[in-house]
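In order, the protein sequence lines correspond to chains A and B. When you line the first sequence up against UniProt numbering, it's residues 1 to 266, in that order. When you line the second sequence up against UniProt numbering, it's residues 1 to 486, in that order.
Some clues are possibly wrong.
Listed next, with one range per pair, are the computed distances between beta-carbon atoms [what the hints assert, rightly or not]:
1. B:N234 x A:V251: 35 to 43 Å
2. A:P140 x B:N174: 26 to 34 Å
3. B:G399 x A:E224: 43 to 51 Å
4. B:N424 x A:M153: 26 to 34 Å
5. B:G399 x A:R83: 37 to 45 Å
6. A:L5 x B:N149: 38 to 46 Å
7. A:N22 x B:R194: 58 to 66 Å
8. B:V385 x A:N120: 21 to 29 Å
9. A:A17 x B:N174: 42 to 50 Å
Derived pair list, reagent style DSS-like, types lysine-lysine, alpha-carbon separation capped at 27 Å [claimed, not checked]:
10. A:K89 x B:K221
11. A:K193 x B:K376
12. A:K193 x B:K221
13. B:K415 x A:K228
14. B:K415 x A:K193
Chain A is faced by these chain B residues, among others (derived, beta-carbon under 7 Å) [to be verified]:
15. S390
16. I405
17. N431
Hints are computed from structural coordinates only; laboratory data are not their basis. From the three backbone atoms N, C-alpha and C, an ideal C-beta is built for every residue, glycine too.
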Amino acid sequence: MDPKLVEVTQLFSRFKAAFARNDFDTCVGLLSQLKVLLTKFPSLPPSFQQTPNAVEELKIARDIYEHAVILSIKIEDQDAFERDFCQLKPYYMDMCGIIPASPEEYPILGLNLLRLLVQNRIAEFHTELELLPITALLNPCIKHAVELEQSFMEGAYNRVLCARQAVPHATYLYFMDLLAKTVRDELAGCSEKGYDYMSIAEAKQVLMFSSDPELHQYITEHPEWEIKDGSVFFQKAKEIQPCKDIPSLQVINQTLSYARELERIV
Amino acid sequence: MTDVQMSESEPQAAPPAAPAPSALHHLKEIASVIEAGSLSKEVRRISRAVRLTVALRRRLAARDVSAFLAFALPSSSEAYTRLTSLVPKEDETEMDVDTAAPATQISIKHGLPEIEIYCYLLVLIFLVDQKKYDDAKACANASIARLKNLNRRTVDVLASRLYFYYSYVHELTNSLAEIRGNLLALHRMATLHRDELGQETLLNLLLRNYLHYNLYDQAEKLRSKAPRFEAHSNQQFCRYLFYLGKIRTIQLEYTDAKESLLQAARKAPIAARGFRIQCNKWAIIVRLLLGEIPERTVFMQKGMKEALTPYFELTNAVRIGDLELFRAVADKFVSTFSADRTRNLIVRLRHNVIRTGLRNISISYSRISLADIAKKLRLDSENPVADAESIVAKAIRDGAIDATIDHANGWMVSKETGDVYSTNEPQIAFNSRIAFCLNMHNEAVKAMRFPPNSHKEKESAEKRRERLQQEEELAKHMAEEDDDDF
Numbered sequence: 001m002d003p004k005l006v007e008v009t010q011l012f013s014r015f016k017a018a019f020a021r022n023d024f025d026t027c028v029g030l031l032s033q034l035k036v037l038l039t040k041f042p043s044l045p046p047s048f049q050q051t052p053n054a055v056e057e058l059k060i061a062r063d064i065y066e067h068a069v070i071l072s073i074k075i076e077d078q079d080a081f082e083r084d085f086c087q088l089k090p091y092y093m094d095m096c097g098i099i100p101a102s103p104e105e106y107p108i109l110g111l112n113l114l115r116l117l118v119q120n121r122i123a124e125f126h127t128e129l130e131l132l133p134i135t136a137l138l139n140p141c142i143k144h145a146v147e148l149e150q151s152f153m154e155g156a157y158n159r160v161l162c163a164r165q166a167v168p169h170a171t172y173l174y175f176m177d178l179l180a181k182t183v184r185d186e187l188a189g190c191s192e193k194g195y196d197y198m199s200i201a202e203a204k205q206v207l208m209f210s211s212d213p214e215l216h217q218y219i220t221e222h223p224e225w226e227i228k229d230g231s232v233f234f235q236k237a238k239e240i241q242p243c244k245d246i247p248s249l250q251v252i253n254q255t256l257s258y259a260r261e262l263e264r265i266v
Numbered sequence: 001m002t003d004v005q006m007s008e009s010e011p012q013a014a015p016p017a018a019p020a021p022s023a024l025h026h027l028k029e030i031a032s033v034i035e036a037g038s039l040s041k042e043v044r045r046i047s048r049a050v051r052l053t054v055a056l057r058r059r060l061a062a063r064d065v066s067a068f069l070a071f072a073l074p075s076s077s078e079a080y081t082r083l084t085s086l087v088p089k090e091d092e093t094e095m096d097v098d099t100a101a102p103a104t105q106i107s108i109k110h111g112l113p114e115i116e117i118y119c120y121l122l123v124l125i126f127l128v129d130q131k132k133y134d135d136a137k138a139c140a141n142a143s144i145a146r147l148k149n150l151n152r153r154t155v156d157v158l159a160s161r162l163y164f165y166y167s168y169v170h171e172l173t174n175s176l177a178e179i180r181g182n183l184l185a186l187h188r189m190a191t192l193h194r195d196e197l198g199q200e201t202l203l204n205l206l207l208r209n210y211l212h213y214n215l216y217d218q219a220e221k222l223r224s225k226a227p228r229f230e231a232h233s234n235q236q237f238c239r240y241l242f243y244l245g246k247i248r249t250i251q252l253e254y255t256d257a258k259e260s261l262l263q264a265a266r267k268a269p270i271a272a273r274g275f276r277i278q279c280n281k282w283a284i285i286v287r288l289l290l291g292e293i294p295e296r297t298v299f300m301q302k303g304m305k306e307a308l309t310p311y312f313e314l315t316n317a318v319r320i321g322d323l324e325l326f327r328a329v330a331d332k333f334v335s336t337f338s339a340d341r342t343r344n345l346i347v348r349l350r351h352n353v354i355r356t357g358l359r360n361i362s363i364s365y366s367r368i369s370l371a372d373i374a375k376k377l378r379l380d381s382e383n384p385v386a387d388a389e390s391i392v393a394k395a396i397r398d399g400a401i402d403a404t405i406d407h408a409n410g411w412m413v414s415k416e417t418g419d420v421y422s423t424n425e426p427q428i429a430f431n432s433r434i435a436f437c438l439n440m441h442n443e444a445v446k447a448m449r450f451p452p453n454s455h456k457e458k459e460s461a462e463k464r465r466e467r468l469q470q471e472e473e474l475a476k477h478m479a480e481e482d483d484d485d486f
């Protein structure tokens, strides 16, 4: 067996051991060593050389990057997630014929979709979605992310929150918690436009706070809300009326441009 | 007036009793056009040769092609051996008759690269028409290898056609991914040679290649970084707009996408029906996603009614705002939508259906309970009232409806709809229409072409006839070519 491959395998088993005992600092250190070693394999992307060990090397490399992605979630580092996912993606997209599909493929792709949703990168979310075959959409992990996006766009926020109980994979919880924060801000934004006032108890329920102090803390972050007679009034936010002035400068500009264009035609 | 003159002068030009010239004779004439173009360095003549070839396409037979190869290429050359091996042999003795027919013997100089490349193109087109895709692939690969060693502006026109068929053959044999690297290398070469026609063609082929595999990210990165210039060919420009529209749709830039797709549909020649249908399908979805309802005339366009039926029913569902009907339509035509690769877009539309339904409710009722809204919208979930409440709240915030929610009583109170003429709305609508018309006029002025030096010298009758003939050929060619390609 190739000595380089042996070295990587040994190091990787140490990584996995550390990973299993949740020793993340050791993991991060080992991972960077592994990544350096992986650069010496000629069969990996982007060179794709057909070496005798290609299948073994690709498999172990994919395994390492899959672990790297999961690790980045455990240490709650979104940038690392994005980096590792980008390195992992070619193994899923361009390698179907060489190595068998990984069982982790859809959970990780689903995670990535969720991350894009949390970061509000909806355009990229849809670009990634287009890459998936129709059969993939039936996979619970992918379906979960797709349904979340739909509920989010519709405004059915409680469905988004309910989805937290139905996560297909434990690693999803980190992003679901982040999503809950985004949803609360969205709800607050919608509430101040949609309601005139709301009782404290209702507001607590709508904005999903478990205690009054938390709610009060949140309300003080919004200076245009006020508490009166045990209710939250959103009136102040609405007082800014759209101005009824005629946009004279704009109209003059438009008219002048019509005149100029007409002159060119005649 | 011009038309009458044309039809009168045409029969006189051709000698009355002569039999129709054979395809081989035509090919020889084309070869001499190319030769003239090559020697005088006139790209225009070469493009004329390509047009003439396309017109001849349906009449080509294997023996014409082999005879032409023998005529045009030196029998010792590598190209000759390779190309003749690809053209199927037919044992027919009619050949002698044909070669005897042309009265004027045309002879051309051997060894011109233009002629050689033209031979490749001719064989490739012939093989594609004969559906011999593996042979065509071999021919295309050989021609591309040869092209890489050439740097002549007069070859560019021929090369851009070769690129097109090269990619077309690979698409037909489902091996587009293999040639991506090659196409990128060719695009780089064309850029370095300042071959704009080649760049334009190759960029479109690359975009098509990426989109074939749904690689929207890569397509957009290439598109935004590739050099842009004034379009040379209308067909290529239409394709570019279509691909651009698709990319923008996926990336949720609906307003820009709509503009590109509608422009592509408008600019495409009438004959390119398939292409126009595709453009219209995408444009309809984009407009629905924007919250617009396309007019009925869009679906009633000549020759498109049948193809657009699924989209018509879809539009209807969105217009009414009925989720149940929407779901039924989406299920009914699921195969069509999958084939058009619009399925994911239709999933996005669900949200618009809810919005429209909600708007209808808000207009009809001054006060309605949230439970009734959930029932009317047919929201099926564990907690429809809570869903309805947050959906209404979001719609209010996004400005889709003007209302407030009374949480304690659980109802939605719509505000009086104000007089639209007291707002700036009409002014904005007026401005966008005027801007559209003025833009259209400017585009039309820009698109007008004038013959070179027309203001300096009066053209002679002879020249004029030649020009008119060329224009007619061009028009015919465009119609036919688009018919084939799209």
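Between A:K89 and B:K221, is the straight-line Cα distance small enough, at 27 Å or below?
holds (17 Å)
Next on the checklist: If I claimed the Cβ atoms of B:N424 and A:M153 lie 26 to 34 Å apart, would that claim hold in this structure?
Outcome noted: Holds, since B:N424 and A:M153 (Cβ atoms, about 28 Å apart) stay within the stated range.
*Go ahead and decide if the range 58 to 66 Å is satisfied by the Cβ distance of A:N22 to B:R194.*
holds (60 Å)
For the restraint on B:N431, tell me whether the closest CB of chain A is nearer than 7 Å.
holds (6 Å)
Notebook entry, point to check: Between B:K415 and A:K193, does the CA-CA distance stay at or below 27 Å?
Noted result: holds (13 Å)
Query raised in the report: Cβ-Cβ distance between B:V385 and A:N120: within 21 to 29 Å?
Result: holds (28 Å)
**Asked** Okay, B:G399 versus A:E224 on CB: inside 43 to 51 Å?
**Response** violated (19 Å)
Practice item. Using the beta carbons of B:G399 and A:R83, state whether their distance is inside 37 to 45 Å or not. Key: holds (39 Å)
Next on the checklist: The hint says 42 to 50 Å between A:A17 and B:N174; measuring C-beta to C-beta, is that right?
Outcome noted: holds (46 Å)
Hinted contact B:S390 with chain A - closest CB pair below 7 Å: Hint holds; B:S390 Cβ to chain A Cβ min 5 Å, cut 7 Å.
Quiz prompt | Whether the CB-CB distance between B:N234 and A:V251 falls inside 35 to 43 Å | solution = holds (37 Å)
**Message:** Given the hint of 38 to 46 Å, is the C-beta distance from A:L5 to B:N149 inside that range or not?
**Reply:** holds (42 Å)
Taken one by one, the earlier hints fail for this structure at numbers 3 and 12, listed in ascending order.
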